[in-house]
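Take the sequences, apply the hints, and build the full model.
Those protein sequences? They're chains A and B, same order as listed.
Residue 1 is where the first sequence starts when you use the numbering used here, and the numbers rise one by one after that.
Residue 1001 is where the second sequence starts when you use the numbering used here, and the numbers rise one by one after that.
Worth flagging that the hints you see were computed from the coordinates, not collected in a lab.
Possibly wrong hints are sitting among the right ones.
[What the hints assert, rightly or not] Ranges between beta-carbon positions, derived for each pair:
#	chain 1	residue 1	chain 2	residue 2	range
1	B	D1143	A	E236	53 to 59 Å
2	B	P1060	A	R74	35 to 41 Å
3	B	T1075	A	S222	49 to 55 Å
4	A	V354	B	E1072	21 to 27 Å
5	B	R1210	A	E236	28 to 34 Å
6	A	V354	B	D1057	19 to 25 Å
7	B	R1210	A	G242	20 to 26 Å
8	A	N338	B	V1068	38 to 44 Å
[To be verified] Partial chain B-side listing against chain A, Cβ under 8 Å, derived:
#	residue
9	E1061
10	M1095
11	S1098
12	T1099
13	A1103
14	E1105
15	M1106
16	C1161
17	A1169
18	E1182
19	I1205
20	M1318
21	T1337
22	E1340
23	Y1380
24	G1381
[Claimed, not checked] Residues of chain A clear of chain B, computed beta-carbon distances all greater than 12 Å:
#	residue
25	E236
26	R264
27	E292
28	Q480
29	D481
Think of the CB as a built atom: it goes at the ideal place given N, C-alpha and C, for glycine as much as any other residue.
Residue strings, one per chain:
Protein chains: 2
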Amino acid sequence: MATGGAPFDALSSLDPETFAGESRAVINFLADYYRDVDTYPVQPQDLPGCLRALLPDAPPENGEPIDVILEEVRTHIVPALTHWQSPKFFGYFPMNASTAGFAGEMLSAGLNIVPFMRVASPAATELESAVVDWMGKLMGLPDRFLFSGGGGGGVLHGSTCEAVVCTLAAARDRALSRLGHEGILRLVVYASDQSHCTFQKGARIVGITRSNFRVIPTSASSGYGLTSDSVRDAVEADVASGLVPLYLCATVGTTGLGAVDPVRDLGELARRHSMWLHVDAAYAGSALICPEFQHHIDGAELADSVSMNPHKWFLTNMDCCCLWVASPAALTSALSTNPEYLSNVTDGGAGAGVVDYKDWQIALSRPFRAMKLWVVLRRYGGAGMRAYVRRHVEMAKWFEQELKADGRFEVVAPTRFSLVTFRLRPGHEGDGDAVDGLNRRLLVAMNASGRAFMTHFVVDGKFVIRMAVGGAMTEMRHVQDTWELVREKAEEVGALP
Amino acid sequence: MATGGAPFDALSSLDPETFAGESRAVINFLADYYRDVDTYPVQPQDLPGCLRALLPDAPPENGEPIDVILEEVRTHIVPALTHWQSPKFFGYFPMNASTAGFAGEMLSAGLNIVPFMRVASPAATELESAVVDWMGKLMGLPDRFLFSGGGGGGVLHGSTCEAVVCTLAAARDRALSRLGHEGILRLVVYASDQSHCTFQKGARIVGITRSNFRVIPTSASSGYGLTSDSVRDAVEADVASGLVPLYLCATVGTTGLGAVDPVRDLGELARRHSMWLHVDAAYAGSALICPEFQHHIDGAELADSVSMNPHKWFLTNMDCCCLWVASPAALTSALSTNPEYLSNVTDGGAGAGVVDYKDWQIALSRPFRAMKLWVVLRRYGGAGMRAYVRRHVEMAKWFEQELKADGRFEVVAPTRFSLVTFRLRPGHEGDGDAVDGLNRRLLVAMNASGRAFMTHFVVDGKFVIRMAVGGAMTEMRHVQDTWELVREKAEEVGALP
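So, in structure tokens, the structure goes:
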């Protein structure tokens, strides 16, 4: 029996019949999971260590059948998962799975090639170069970031964090080529109080002094976007003290509130001070495929790099991050290595113009991510993806309207994409702490119900609930049910009527 | 028709029937690929740009059926791939796929959770902590690297390069807490001329001055392993010039030749100079599950960190790297972040002792890699994996014996695991350059035949051919056929009879 407990044979691990039989068992398992996932509590209510206690201290000496393993996934692991694919998951940001994203991941994992250099699998490098150009065009990126445009190009990383480390290293080495290595002590990185923590972490990783990371405050008056005045003040103060502005982050769609920094203003400022400008559109980059959102990256031609994550809201299973740079040479001069065991003995004449992606990223080894994004784009098409994004934006707008129509709630930041940020308002009797406690209890009560999952943020000292719409299976009825849940739990925790 | 061209519906991308139907089509495609892969030339003989020319400049506006997409993979992409899963692929290092590794990857990609923190999916964090302990025990690692041992623990990264960057950042920040940030200019990293280039790249990424990376020479007399004398000389010279030894890399199974550095000697030296010792067993770590190989990591209790890649020779599809550290606090103090949007509002009392893996790696987002390694260990068991590794070691030994029995060849470094390094000997007439040219032509001729794929290395100025056995589908007959190929092509390129 194909899915049974045949004893392990070292030479049959890729036997086509065994492969097909056991893989079909997993496919059936996952189809059942998708059928049932909206009946599970979105977040499990377990205690730390509960699964660990069920696991033996050592692996089995003898192999076990796939059916036994799948049954254990069903009974022990699934109940202790947070279900990111539940249509009622509205926490953090969406992390889309889809049939096409999964198909692409299967092809990548099944072929299991390692395209670190073009010669290590030519089709993979060419597909990657093509597919990042496709994505860039869909998003309306300036030609300078495209291979087919003005000398730039893109690469697929696993995460924005990796893209940030690589661009920081590129910017740093470009600056140190003028300053000498001692200059590393004087380099300064700028972000807003709404920027993702990965910029702070990335700056530490590449050796920037912790005290040279500037967190520029934002406020409600600019919708929590940076203002170029505030950045300029910080930059000029640093220059006056002998420091060297290195890198500025502009975010289109911040994690906490979905805020947007003014790319053109920041780009002009960055140019004046020879800073590297990175545009982080990890989440909202997916919306940029719709023309009505493309004004949010107006001025991107002034940036040095742009990134977005198809694994968030673009139906591309984990993990996949697009990074585009205007100057590939800046990236590769920081990240290239040429050991003998990778030099190409059979292809000597073809070096010029060849993209070797190992020099565009941290790692040498890399999966065939281009396959995944290519299958998604082929299967769903530009029109399909725009329709997909717009449906979520409509759902979020509906939710925002309901909040506004109900006098007990306030919307904290404008809903620009599909993230709604809200809270119960202070009543005439309540002080700030009491209202924060009320909102905190509201979030806990909703998540404990298992009927939805949201996360929170704190801005201007206020506790804010985040409802991030964008799950692959999320339909209008799930958003409507969640609005019912919000009202029900608001009453339970004692919101004023 | 499940696999047909139904127009894309934004809300049906995870419809269970569509998912199952289209996924089965991909499984059938891959089963056919495994059935046929040994009939394909291992490396394609295309020219750069050949696939790119077939790809349109933009993605389709309307979605296309999965069958059309798979047919294009078959006709356009597969012929331009290097087939890493071919049983005749002997280049670089093996990158194993397997039915169980694929099943685990499918479960990970299908559930598509993001276990950056324990609370973001408790089962995933607990499974990861358990499975890295399992691997550590199989390899005979000292207890201090295990969660269940003496306060250490492990994490699954995507690549050794990432593990190296993280441990370098941890070592650097530990040192800078004494020295102040200016000390970064004085830190020195040590590796051998056989160490992987990732150490040099990683040191640059974390801000170590390029001139403070020491490449210690090795020689045939120590089998191309480091000697602690040579490292000590370099360290003492640096200390005498006011520099600060930071980090030393010991490799068990180098990329070029499979050499082994003396872990205990280097560990004692590292301790004396307060250096971080990392043991890189990326490839040979798989062999360490067999007791007969465990003497190669004798002294590992003196190391600060150890890494190995199950995605190489352990039937775990890309990507998966185990990193173990003796002091998780050293790692997390360099890599932790605690933004408000990740603070845990529902689980306030459970912080102590909870592992949040985002603080053990570069990225915030991360796939559920533990599922993959867990399925491999369950499906094949410790005994199955040892049998698997030993078969490849036997094949490599046979190949080495044949080379030795044929007077025209020399084996360059001892075959300790499953990597054989060899070359045609100089004839009485030939000088070094001529012999190098002969070996180079031999490698090109073998690879051009499509009947096998190997790569090369250069040591002591000599061109060396690398035959890395370890493919999941490689059987003895493939190694025997490859020996025939070597002899045939050696005659063709003019080796002396």
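Status of each hint after checking the structure:
Taking 53 to 59 Å as the suggested C-beta distance range, the pair D1143(B) and E236(A) conforms, at roughly 55 Å. Taking 35 to 41 Å as the suggested C-beta distance range, the pair P1060(B) and R74(A) conforms, at roughly 38 Å. Taken as a hint, the range 49 to 55 Å holds for the pair T1075(B) and S222(A), whose Cβ atoms sit roughly 53 Å apart. For the pair V354(A) and E1072(B), the supplied restraint of 21 to 27 Å holds, since their beta-carbon distance comes to about 24 Å.
Distance hint check: the CB atoms of R1210(B) and E236(A) are about 32 Å apart, consistent with the given range 28 to 34 Å. Separated by about 20 Å at the C-beta atoms, V354(A) and D1057(B) satisfy the suggested range of 19 to 25 Å. In this structure the supplied range 20 to 26 Å holds for R1210(B) paired with G242(A), their Cβ-Cβ distance being about 24 Å. N338(A) and V1068(B) have their C-beta atoms about 40 Å apart, which keeps the hinted 38 to 44 Å range intact.
Given the 8 Å rule on beta carbons, the hint for E1061(B) holds: about 5 Å separates it from the nearest Cβ of chain A. The criterion of a C-beta within 8 Å of any C-beta in chain A is met by M1095(B), whose closest approach is roughly 5 Å, and the hint holds. Taking 8 Å as the C-beta cut-off, the interface hint given for S1098(B) holds, the closest approach to chain A being about 4 Å. The beta carbon of T1099(B) comes within 5 Å of a beta carbon in chain A, closer than 8 Å, and the hint placing it at the interface holds.
At a threshold of 8 Å, the smallest CB-CB gap from A1103(B) to chain A is about 5 Å, leaving the interface hint in force. The interface hint given for E1105(B) is met, as the beta carbon of that residue sits about 4 Å from the closest beta carbon of chain A, less than 8 Å. Here the hint on M1106(B) is kept, as its CB sits about 5 Å from the closest CB of chain A, short of 8 Å. For C1161(B), the interface hint holds, the least distance from its beta-carbon to any beta-carbon of chain A being 4 Å, beneath 8 Å.
With a cut of 8 Å, the hint placing A1169(B) at the interface with chain A holds, because the nearest CB-to-CB distance is about 5 Å. For E1182(B), the shortest C-beta to C-beta distance to chain A is roughly 6 Å, which falls under 8 Å, so the interface hint holds. Against a cut-off of 8 Å between C-beta atoms, the interface hint on I1205(B) holds, since the closest Cβ of chain A lies about 5 Å away. Hint status for M1318(B): holds, given a least beta-carbon distance of 5 Å to chain A, under 8 Å.
Taken as an interface hint, T1337(B) checks out: its beta carbon lies about 4 Å from the nearest beta carbon of chain A, inside 8 Å. A least Cβ separation of about 5 Å between E1340(B) and chain A falls short of the 8 Å threshold, and the interface hint therefore holds. Interface restraint check for Y1380(B): the shortest CB-CB distance to chain A comes to about 5 Å, inside 8 Å, so the restraint holds. Annotation: G1381(B) was flagged as interfacial toward chain A, and the flag holds, the nearest CB pair being 4 Å apart, inside 8 Å.
With a least beta-carbon separation of about 23 Å from chain B, E236(A) lies farther than 12 Å from that chain, consistent with its non-interface assignment. Every CB of chain B lies more than 12 Å from the CB of R264(A), the least distance being 26 Å, so the non-interface label holds. The Cβ of E292(A) sits about 17 Å from the closest Cβ of chain B, beyond the 12 Å cut-off, so the non-interface label holds. The beta carbon of Q480(A) is kept farther than 12 Å from every beta carbon of chain B, the shortest such distance being approximately 14 Å.
The claim that D481(A) is not at the interface with chain B holds, since no C-beta of that chain comes within 12 Å of its own (minimum 15 Å).
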